[in-house]
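Taken in sequence, the protein lines are chains A and B.
Using the working numbering, the letters of the first sequence correspond one by one to residues 1 to 315.
Using the working numbering, the letters of the second sequence correspond one by one to residues 1 to 540.
Hints are not guaranteed to be accurate.
In silico DMTMM-like pairs for lysine to aspartate or glutamate, Cα to Cα no more than 20 Å straight-line [said to hold, decoys possible]:
id, chain 1, residue 1, chain 2, residue 2
1, B, Lys101, A, Asp211
2, B, Lys101, A, Asp76
3, B, Lys101, A, Asp301
4, B, Lys166, B, Asp208
5, B, Lys101, A, Asp308
6, B, Lys101, A, Glu206
What the hints contain is simulated information worked out from the structure, not anything from laboratory work.
No experiment lies behind these values; they were computed from the predicted model shown.
Each chain is listed here by its residues.
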Amino acid sequence: MTTYLFKRLIIAAITLVLASMVVFAVMEILPGDPARLMLGFNASADQVEELRNQMGLNAPLLLRYLHWAGGLLSLDFGRSYTYSVPVIDLVRERVVVSLPLALIALALSTVIAIPVGVFSAGRQGRAGDTFAMGAAQFGVAVPNFWFALMLIYLFAVWLRLVPAGGFPGWGAGIWPAVKSLLLPAVALALPQAAILARVARSALIEVLNEDYIRTARAKGLPYRAVLWRHALRNAMIPVLTILGLQFAFLLAGTIIIENVFYLPGLGRLVFQAITQRDLIVVESVVMLLVAAVIAVNLLVDFYYAVVDPRLRGRQ
Amino acid sequence: MSLLQIDNLSLSIGGTPILKEVELAIAPGEVVGLVGESGSGKSMTALTIMQLLPHLAQASGRVTFDGIDLLAASEDQMCALRGDDIGMVFQEPMTALNPVKTIGEQVAEGIRWHTKAGRAEAEDRARKMLDRVGLPEAKFPLSRYPHELSGGQRQRVVIAIACALKPKLLIADEPTTALDVVLQAQILDLLRDLVSENRMGLLLISHDLAVVTEMADRLTILRRGEVMEAGDTARTLSEQQHPYTRELALASMHVPARPKAHIAGSAKPLLEVEGVSRNYPGRRKSLFRPAEPIRAVDDVSLTIEPAQSAALVGRSGCGKSTLARMILALDRPTAGAIRFRGETITGKSEAELKPARRDMQVVFQDPYGSFDPRQKVDKLVAEPLHLLETQPAKAERREMVAHALHEVGLGPRDMDKYPHEFSGGQRQRLSIARAIITRPKLVVADEPVSALDVSIRAQILDLFAELNQKLGIAYLFITHDLTVARAMSDEVLVMHEGKIVERGKTANVLDRPRSEAAQALVAAAPDLHRAIARRMQEQG
Chain A
1 MTTYLFKRLI IAAITLVLAS MVVFAVMEIL PGDPARLMLG FNASADQVEE
51 LRNQMGLNAP LLLRYLHWAG GLLSLDFGRS YTYSVPVIDL VRERVVVSLP
101 LALIALALST VIAIPVGVFS AGRQGRAGDT FAMGAAQFGV AVPNFWFALM
151 LIYLFAVWLR LVPAGGFPGW GAGIWPAVKS LLLPAVALAL PQAAILARVA
201 RSALIEVLNE DYIRTARAKG LPYRAVLWRH ALRNAMIPVL TILGLQFAFL
251 LAGTIIIENV FYLPGLGRLV FQAITQRDLI VVESVVMLLV AAVIAVNLLV
301 DFYYAVVDPR LRGRQ
Chain B
1 MSLLQIDNLS LSIGGTPILK EVELAIAPGE VVGLVGESGS GKSMTALTIM
51 QLLPHLAQAS GRVTFDGIDL LAASEDQMCA LRGDDIGMVF QEPMTALNPV
101 KTIGEQVAEG IRWHTKAGRA EAEDRARKML DRVGLPEAKF PLSRYPHELS
151 GGQRQRVVIA IACALKPKLL IADEPTTALD VVLQAQILDL LRDLVSENRM
201 GLLLISHDLA VVTEMADRLT ILRRGEVMEA GDTARTLSEQ QHPYTRELAL
251 ASMHVPARPK AHIAGSAKPL LEVEGVSRNY PGRRKSLFRP AEPIRAVDDV
301 SLTIEPAQSA ALVGRSGCGK STLARMILAL DRPTAGAIRF RGETITGKSE
351 AELKPARRDM QVVFQDPYGS FDPRQKVDKL VAEPLHLLET QPAKAERREM
401 VAHALHEVGL GPRDMDKYPH EFSGGQRQRL SIARAIITRP KLVVADEPVS
451 ALDVSIRAQI LDLFAELNQK LGIAYLFITH DLTVARAMSD EVLVMHEGKI
501 VERGKTANVL DRPRSEAAQA LVAAAPDLHR AIARRMQEQG
């Protein structure tokens, strides 16, 4: 088991390094000179050159990468070109919005998807299943920003239950903050829940046809007990794989959703940074998101080992 | 009074009739065999008793167990019976256990459910039951997971689950079909002991007449959902009053005619295997020490002459299939050399292997798994033709396919069908057609008939014999079934733990085995003649 976990950890670390190289390379290729952007178009070539030297932009590529990557490790992301503040400060402000949002969305999609999957698998081909899977099909097809607008219209404009957008900050108290994250979380979660419900359903149907389910039934366990004790744990393996992959989409999805709901999160930060050519912010946030996705998938790998004894013995 | 009484049971699934007016009775302590070929409704009869039928199944008639009408019983009543008074053992031990739960949990689960015993007490009882089925604590603690056990050991766990609460009736559906003969004999012994210990009724379902004859007091023969004949085992099989009974008995003892006997030493060897070994990387025990390799094939030498039929027999896991893969150049030996028609094939590139591949084909065990379901027969059977030096034109190709199909007893019209349109036996004919289309000199057949019903099996064996006689094809049969070896081979090679421990003329080896491994195989192999004789003797 330790060998397995150790291997996963090494692979995750290598992935992270490779991803950082790709991110760095892409930023190098992108047109636009940050020094020129910071100084404006009226600045002379000498001024720009001086700033480039100051920012270390004229150093060799490898050196700049090492400097940047080394900074990442010590959470020193450099300074934002446009705001002239350390990137870490910008990120710190935003992450307290985006991370709870992604986590609430993840929890919501799991809480919705698994019961729907269980329900559908138990009624395979019958009316309830057809309806649930039809709804799931709809959920997959509808873009989340449209869905977000509908939610705003219904819950914020019409029912006036929650704010239509904006974020009061955690200083305003936990409930108001969570309340303003609820709609965006639902908008993010539903399309993911739809996909996850379909995966859960097919995984469960497959497991329910396994021989060991018949063995469990032959023991005298009623359907419900067989489902909870034998089927779900085995079906969770593919469901978790998808959940791990979806986390990446949830994070990417925040870029759109945070704009729709006017939330000061990482998604909006990166969106603004791109429009302002604030490359160092883009690099840093993208690397953060990459690290988050790799970390979540590492957790999923660890969970496999907990669920599946066959993996524990493997090298 | 009967423990289980089935009267006039008919069953249909979604309108398709499966069982017609089936009658069956089992008394306490009695072993009743239910025999039939695939699709005869054996398993459906068992699932009716368990009330674990698929959706849309409709049963009529009466099934009474211990005074309870099972067809009218509620799901709650059935849950109380299943695993407590009625246990069931299934065919495929490799998949019958939940991979993520320990064997202890799985055996104790039924005990806890039915008796409301605490965890400690249930585990204690589970421990005793596992000891009873031959899985002692020292080697098989409760914390073992199924993947750490072999097929035979897993089947013991399944039996422990089924018998943990001393059921009045045990239903065993092909409990030993997936196991080799030695394991089969052990599992049958265990079942027999459990029956006499607890006066348990046993319904033994099998396609193997010899197994049922050895085990059952009475038997019921089922065909297409109808009972053909039922009665005392010895009488039914010695008198063979019903034509279908006779047909089954004859088919299971069938030996194909091969008038041209092979004369040993008559020609230069076709295949020579010299000192071949194959190591597999073993399981690493520590991060810092290299793993000990596992030696699957250990210094094996053998020769096969043209038109000779050899059988490689041995228990599962003895290295038969690994050896076959190396002969077919699908795997590289760790040491040793393999020569085919005098030319070394070990370590050659795919291009250099082409002529050898053309003359050496293979037939696999599973006629369902070895065809791409999305391709038509003409393409599937023509597959090996890419090995020819000059590629035949399309018309010529179809002609060759038609010819190969004709040789295996299929028609030219079958060319445009898909694999699913054929029965299991026909599919095995297709794989033989595919194997002989390049006119090979050697066909390696890996358990070619073990997935087939006895009557189909007899036909396929006839086909192998005919092709051997007509085309002079040499065979290497890989099997754990000694009846196949006896029926088909001139020479038998017995393999045990990676080594060839005995070789000789088929009759000599099978009638007078010298090595321990061969003796164990012969003693364990079910034999219909012997089984009937023993039953007759017992009953006077």
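Going down the list of hints, with the structure as the test:
At most 20 Å may separate the alpha-carbon atoms for a hinted pair to count; Lys101 (chain B) and Asp211 (chain A) meet this at roughly 14 Å. Only pairs whose Cα atoms come within 20 Å are accepted, and Lys101 (chain B) paired with Asp76 (chain A) is rejected, the gap being roughly 47 Å. Restraint check for Lys101 (chain B) and Asp301 (chain A): satisfied, since their Cα atoms lie roughly 19 Å apart, inside the 20 Å limit. Restraint check for Lys166 (chain B) and Asp208 (chain B): the C-alpha separation of about 27 Å exceeds 20 Å, so the hint is violated.
A C-alpha spacing of about 9 Å is found between Lys101 (chain B) and Asp308 (chain A), which places the hinted pair at or below 20 Å, so the restraint holds. The straight-line distance between the Cα atoms of Lys101 (chain B) and Glu206 (chain A) is roughly 18 Å, inside the 20 Å bound, and the hint therefore holds.
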